[in-house]
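Residues per chain, in single letters:
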Amino acid sequence: MRWIAVWQRNFQVWKKLAGPSILGNLADPLLYMLGLGYGLGRFLGEVQGVPYLTFLAAGTLAYSVMNSATFEALYSAFSRMHVQKTWDAILNTPLTLSDVLLGEWAWATSKSLLSGLAILLVIWALGIYADFAMTLWLLPVIVLTGLTFAGLGLMLNALAPNYDFFLYYLTLFITPMVLLSGVFYPTDALPVWLATIAQGLPLTHAIALARPLVLGHWPEAPVLNVVVLLAFAVAGFLIGLRLTRRRLLR
Amino acid sequence: MPALMLQGLTKRYGGVAVVDELSLEIVPGRCHGLLGPNGAGKTTTLRLALGLIEADAGEIRLLGHRLPHEATIARRRVGVVPQTDSLDPDFTVRENLLVYGRYFGLRRRDIESRIPALLEFAGLAGKADAKVPTLSGGMKRRLTLARALINDPELIVLDEPTTGLDPQARHLVWQGLRRLINQGKTLLLTTHFMDEAERLCDMISIIDRGRIIAEGSPRELITRHIEPHVVEVFGEGLDAWEGCASRLCRRCERAGETLFCYADDPKVVTDALEARAGLRYLHRPANLEDVFLKLTGRNLRD
Chain A
736 MRWIAVWQRN
746 FQVWKKLAGP
756 SILGNLADPL
766 LYMLGLGYGL
776 GRFLGEVQGV
786 PYLTFLAAGT
796 LAYSVMNSAT
806 FEALYSAFSR
816 MHVQKTWDAI
826 LNTPLTLSDV
836 LLGEWAWATS
846 KSLLSGLAIL
856 LVIWALGIYA
866 DFAMTLWLLP
876 VIVLTGLTFA
886 GLGLMLNALA
896 PNYDFFLYYL
906 TLFITPMVLL
916 SGVFYPTDAL
926 PVWLATIAQG
936 LPLTHAIALA
946 RPLVLGHWPE
956 APVLNVVVLL
966 AFAVAGFLIG
976 LRLTRRRLLR
Chain B
108 MPALMLQGLT
118 KRYGGVAVVD
128 ELSLEIVPGR
138 CHGLLGPNGA
148 GKTTTLRLAL
158 GLIEADAGEI
168 RLLGHRLPHE
178 ATIARRRVGV
188 VPQTDSLDPD
198 FTVRENLLVY
208 GRYFGLRRRD
218 IESRIPALLE
228 FAGLAGKADA
238 KVPTLSGGMK
248 RRLTLARALI
258 NDPELIVLDE
268 PTTGLDPQAR
278 HLVWQGLRRL
288 INQGKTLLLT
298 THFMDEAERL
308 CDMISIIDRG
318 RIIAEGSPRE
328 LITRHIEPHV
338 VEVFGEGLDA
348 WEGCASRLCR
358 RCERAGETLF
368 CYADDPKVVT
378 DALEARAGLR
388 YLHRPANLED
398 VFLKLTGRNL
408 RD
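Chains A and B are the protein sequences, given in the same order. Position 222 of the first sequence, counting from 1, maps to 957 under the numbering used here, and the rest follow consecutively. Position 261 of the second sequence, counting from 1, maps to 368 under the numbering used here, and the rest follow consecutively.
Zero decoy hints are in this set.
DSSO-like cross-link-like pairs, simulated, lysine-lysine; straight-line CA separation at most 30 Å:
1. B:Lys238 x A:Lys820
2. B:Lys238 x A:Lys750
3. A:Lys820 x A:Lys751
4. B:Lys401 x B:Lys374
5. B:Lys234 x A:Lys750
6. B:Lys234 x A:Lys751
7. B:Lys234 x A:Lys820
8. A:Lys750 x A:Lys820
Examples of chain B residues toward chain A, derived with CB under 10 Å:
9. Ala178
10. Asp192
11. Ser193
12. Pro196
Pairwise CB distance ranges, derived in the manner of DEER restraints:
13. A:Tyr903 x B:Thr191: 22 to 30 Å
14. B:Arg405 x A:Met736: 51 to 59 Å
15. A:Leu752 x B:Glu177: 34 to 42 Å
16. B:Gly212 x A:Gly935: 41 to 49 Å
17. B:Pro274 x A:Pro896: 34 to 42 Å
18. B:Glu261 x A:Leu907: 48 to 56 Å
19. A:Asp763 x B:Glu261: 49 to 57 Å
20. B:Thr330 x A:Lys751: 53 to 61 Å
21. A:Pro896 x B:Gly233: 36 to 44 Å
22. B:Ala232 x A:Gly774: 58 to 66 Å
23. B:Ala232 x A:Asp763: 42 to 50 Å
24. B:Ala224 x A:Pro896: 40 to 48 Å
Don't read these hints as lab results, they were simulated from the structure. The structure presented is a predicted model; accordingly, all values stated were derived computationally and were not measured. Even for Gly, the Cβ is constructed at its ideal location relative to N, Cα and C.
Please work from the sequences and hints to get the whole structure.
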């Protein structure tokens with residue numbers, strides 16, 4: 736449990752800038768959700784039997800959690816590792832690299848939990864859900880989605896020579912994923928070959944869990960979704976740990 | 108029991124041994140200096156000794172603990188001052204110490220009770236709530252030293268503690284280090300400042316190409332490896348003097364436009380020099396730098 740000290744350190748820094756940080760995390764997904772939900776929703780009418788805004792809510796939630804975890808594990812972790820040498824300083828104490836990365840993993844997940852909670856609050860406030868008790872299951876889905884993208888982010892972080900490197904990941908992986916994983920429309924609208932690709936993307940599985948819970952029924956294949964997300968999360972973290980060890984402790 | 112014991116330590120990178128069967132023992136309560144040119148393997152040796160990287164061969168015992176397996180336990184009683192600044196820029200001076208203390212599993216109350224004395228030690232008493240970016244280079248280094256003491260370590264490892272500091276700031280760091288030595292702490296430091304090593308260290312290991320090439324107290328090293336007097340000669344007519352000098356002193360060494368004359372009796376040399384107009388000279392006692400240059404050569408290491 737030594738990694739908690741790393742989590743605490745990041746939390747303590749975050750507290751100083753919490754206001755702008757929360758606002759930044761919330762404003763962007765909220766504008767997408769409300770702008771597209773109301774704006775496009777007028778022309779679309781109902782999607783899968785619910786108003787477009789309601790349909791969009793779960794997608795926005797998953798996408799916001801993904802973004803938050805990704806940015807924390809890429810840019811923020813990179814400045815701690817590479818620019819500020821915070822990790823080097825910690826490694827001189829009884830903590831090990833596993834402790835550092837566990838702390839960072841938990842921290843990026845915590846930040847994404849906060850982003851997810853913010854969207855969930857808006858979902859509750861606007862009443863765009865079917866069954867309140869069922870929306871509570873969104874909390875573990877948020878955490879799992881956060882762990883997945885934080886883990887993948889830490890893997891990329893270990894490989895990055897500089898900040899610019901992250902643009903490849905964002906433009907080649909994250910952005911296409913947002914467009915293909917069913918954030919804005921059901922994936923069955925895609926041609927078969929694209930839908931097949933989408934099935935391999937972690938965000939698709941996060942949305943496959945989140946959307947039914949907002950719409951008031953159980954996911955169709957929750958075990959598959961959870962296993963895929965867990966696999967990405969654990970593989971990302973373990974590969975990230977290995978690569979970071981090679982980078983810092985050689 | 109030595110504070111640190113390295114036995115036959117080897118670390119290779121791409122087939123090149125950066126640390127090459129190096130053995131070293133550090134006596135508790137002493138200040139031990141590791142001297143060497145750039146790339147000699149000093150920092151790698153420290154990283155091995157702290158259990159941060161794994162050796163290809165050899166044995167490491169840090170405060171009695173076998174590394175790398177017991178590194179976490181051993182590091183609880185070690186303080187480290189790294190070469191590059193790694194203070195937390197988002198935190199104040201006090202917060203830096205608090206957060207760092209937590210990495211050792213110390214309780215907040217215990218850390219807080221230590222902070223005033225540490226700030227006083229580091230000459231930062233009035234700076235507890237200052238943000239790190241507002242501190243000068245010397246203050247940052249002293250804060251890094253205070254941070255390394257948060258766990259009241261038995262052994263303090265310092266990697267070039269005064270590089271990049273101005274003379275005033277260096278002297279302040281030295282005062283701090285000397286206080287630690289007087290308190291009975293064990294210090295292991297790397298430096299390329301010979302005056303620093305001569306001032307602080309009880310014991311010095313000169314390391315080059317991953318091996319220890321000489322070891323002893325500063326005085327021992329000087330008497331063992333070098334003549335007691337040095338006359339540095341420069342100016343017009345140096346070429347002519349060079350032939351004459353080699354007869355007058357035990358050893359001469361030409362470096363660019365300066366001739367270093369190492370002699371047991373400097374008077375013979377300086378008398379001869381007085382007779383030569385155009386030549387200027389500087390007579391001084393031999394020091395550790397002369398030993399270092401003799402043993403590691405005058406060529407640049409990059």
